[in-house]
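Enquirer: Required output: the full structure, derived from the provided sequences and hints.
Below, each chain spelled out in residue letters.
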Amino acid sequence: DAGVTQSPTHLIKTRGQQVTLRCSPKSGHDTVSWYQQALGQGPQFIFQYYEEEERQRGNFPDRFSGHQFPNYSSELNVNALLLGDSALYLCASSLKGVTNTQYFGPGTRLTVL
Amino acid sequence: QQQVKQSPQSLIVQKGGIPIINCAYENTAFDYFPWYQQFPGKGPALLIAIRPDVSEKKEGRFTISFNKSAKQFSLHIMDSQPGDSATYFCAAFGNTGTASKLTFGTGTRLQVTL
Chain G
2 DAGVTQSPTH LIKTRGQQVT LRCSPKSGHD TVSWYQQALG QGPQFIFQYY
52 EEEERQRGNF PDRFSGHQFP NYSSELNVNA LLLGDSALYL CASSLKGVTN
102 TQYFGPGTRL TVL
Chain C
37 QQQVKQSPQS LIVQKGGIPI INCAYENTAF DYFPWYQQFP GKGPALLIAI
87 RPDVSEKKEG RFTISFNKSA KQFSLHIMDS QPGDSATYFC AAFGNTGTAS
137 KLTFGTGTRL QVTL
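These protein sequence lines map, in sequence, to chains G and C. Heads up, the first sequence is in the numbering used here, so the first residue is 2 and it goes up one at a time. Heads up, the second sequence is in the numbering used here, so the first residue is 37 and it goes up one at a time.
Since the hints were made in silico from the structure, they are not lab data. As the structure is a computational prediction, the values presented were derived from the model and not from experiment. A few of these clues could be false.
[Stated by the list, open to error] SDA-like, lysine to any residue: derived pairs with alpha carbons at most 25 Å apart:
#  : chain 1 : residue 1 : chain 2 : residue 2
1  : C       : K78       : G       : S28
2  : C       : K104      : G       : N78
3  : C       : K41       : C       : R97
4  : C       : K78       : G       : N101
5  : G       : K27       : G       : N101
6  : C       : K93       : C       : I56
7  : C       : K104      : C       : G119
8  : C       : K104      : G       : A88
9  : C       : K78       : C       : T134
10 : C       : K78       : G       : Q7
11 : G       : K14       : C       : Q147
12 : C       : K41       : C       : E92
13 : G       : K27       : G       : A39
14 : G       : K97       : C       : R97
15 : C       : K104      : G       : V99
16 : C       : K78       : G       : L114
17 : C       : K78       : G       : I13
18 : C       : K94       : C       : Q147
19 : C       : K93       : C       : I54
20 : G       : K97       : G       : L114
21 : G       : K97       : G       : E76
22 : C       : K78       : G       : Q42
23 : C       : K78       : G       : S74
24 : C       : K107      : G       : K27
25 : C       : K93       : C       : T64
26 : G       : K97       : C       : I84
27 : C       : K104      : C       : L82
28 : C       : K41       : G       : A88
29 : C       : K107      : C       : S136
[As the list claims (entries may be wrong)] Some chain C residues judged to face chain G by a derived CB distance under 8 Å, without partners named:
#  : residue
30 : G79
31 : K104
32 : F129
33 : A135
34 : F140
35 : G141
Where a beta carbon is used, it is the ideal one built from N, C-alpha and C, also for glycine.
Expert: This is how it looks when you write it as C-alpha cells:
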C-alpha cells in the first residue's frame, strides 16, 4: 500500500523566486492538505483540496496557492519567496468524509537564500 | 494565539520509564485529538487518536487520557524504549473560525536513555 509521497526532497531557492512542490496521496485517499513546519515548531495548516478545489484555508498569504489534479495528486506553489518561507512543507492525505484522520508524507525541505 | 498548548518542551527518561506529555485546548469545537510521532527528517506519523466522549484509549504501549471538563489530554508511553526517542505532537481537529483543520501543539522532544 503506497503511502503519501512528495517531491522533491530538498530544494534551494533565492528570494523572489517561485517554487512548486508536489504530492501524491495515499492509495484510496482523495483529499490533500498542505502544512508548513518551521524548525522546532508544529505544522501549520496552509490549505486543503478535494474534488480539485480549495476547500479550507489557513492564515497564509495569497503567495501560497495550490492545485489538485483529477488523479488526486496536488501541487503547492509559492511565489515571491521570502527568507521566512524556509521550512519543511508537508502534505497529508485523507478521505473527504474523514478529514480529521490525516497521514503525512516525508516533506520537502525548502531553503530560501 | 496558541490554540493547543503542549508541555513539556523536552523530556528525558530512562528505558522502561513512562514519559507523560500534556496538552490543553480552549476551543470547544475541537472534536478529535490525534498524537503524532516525528523522527528527524521525516514527516509526522499518526500514533493514536481519541474523541472527547472517551476518557482513555490504549494502543500497544501508547495510552491517551482525556479530560473533557478540563479540556486537557495526555499521552503516556509505557515501557519506553530508546527507539521511542522522537518529537511528539498533540493536535486537535475542528472549526477554528477560519477553517476546519488540524491545529498542532509545539511539540515535545523525548529522549529515552539506556
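Enquirer: Each hint: holds or not?
Expert: Here is what the structure says about each hint:
| no. | hint | result |
| --- | --- | --- |
| 1 | K78/C x S28/G | 20 Å, holds |
| 2 | K104/C x N78/G | 39 Å, violated |
| 3 | K41/C x R97/C | 24 Å, holds |
| 4 | K78/C x N101/G | 21 Å, holds |
| 5 | K27/G x N101/G | 15 Å, holds |
| 6 | K93/C x I56/C | 14 Å, holds |
| 7 | K104/C x G119/C | 31 Å, violated |
| 8 | K104/C x A88/G | 34 Å, violated |
| 9 | K78/C x T134/C | 28 Å, violated |
| 10 | K78/C x Q7/G | 11 Å, holds |
| 11 | K14/G x Q147/C | 34 Å, violated |
| 12 | K41/C x E92/C | 20 Å, holds |
| 13 | K27/G x A39/G | 24 Å, holds |
| 14 | K97/G x R97/C | 30 Å, violated |
| 15 | K104/C x V99/G | 22 Å, holds |
| 16 | K78/C x L114/G | 23 Å, holds |
| 17 | K78/C x I13/G | 18 Å, holds |
| 18 | K94/C x Q147/C | 22 Å, holds |
| 19 | K93/C x I54/C | 16 Å, holds |
| 20 | K97/G x L114/G | 37 Å, violated |
| 21 | K97/G x E76/G | 18 Å, holds |
| 22 | K78/C x Q42/G | 14 Å, holds |
| 23 | K78/C x S74/G | 20 Å, holds |
| 24 | K107/C x K27/G | 32 Å, violated |
| 25 | K93/C x T64/C | 20 Å, holds |
| 26 | K97/G x I84/C | 20 Å, holds |
| 27 | K104/C x L82/C | 22 Å, holds |
| 28 | K41/C x A88/G | 21 Å, holds |
| 29 | K107/C x S136/C | 19 Å, holds |
| 30 | G79 | 4 Å, holds |
| 31 | K104 | 17 Å, violated |
| 32 | F129 | 4 Å, holds |
| 33 | A135 | 4 Å, holds |
| 34 | F140 | 3 Å, holds |
| 35 | G141 | 6 Å, holds |
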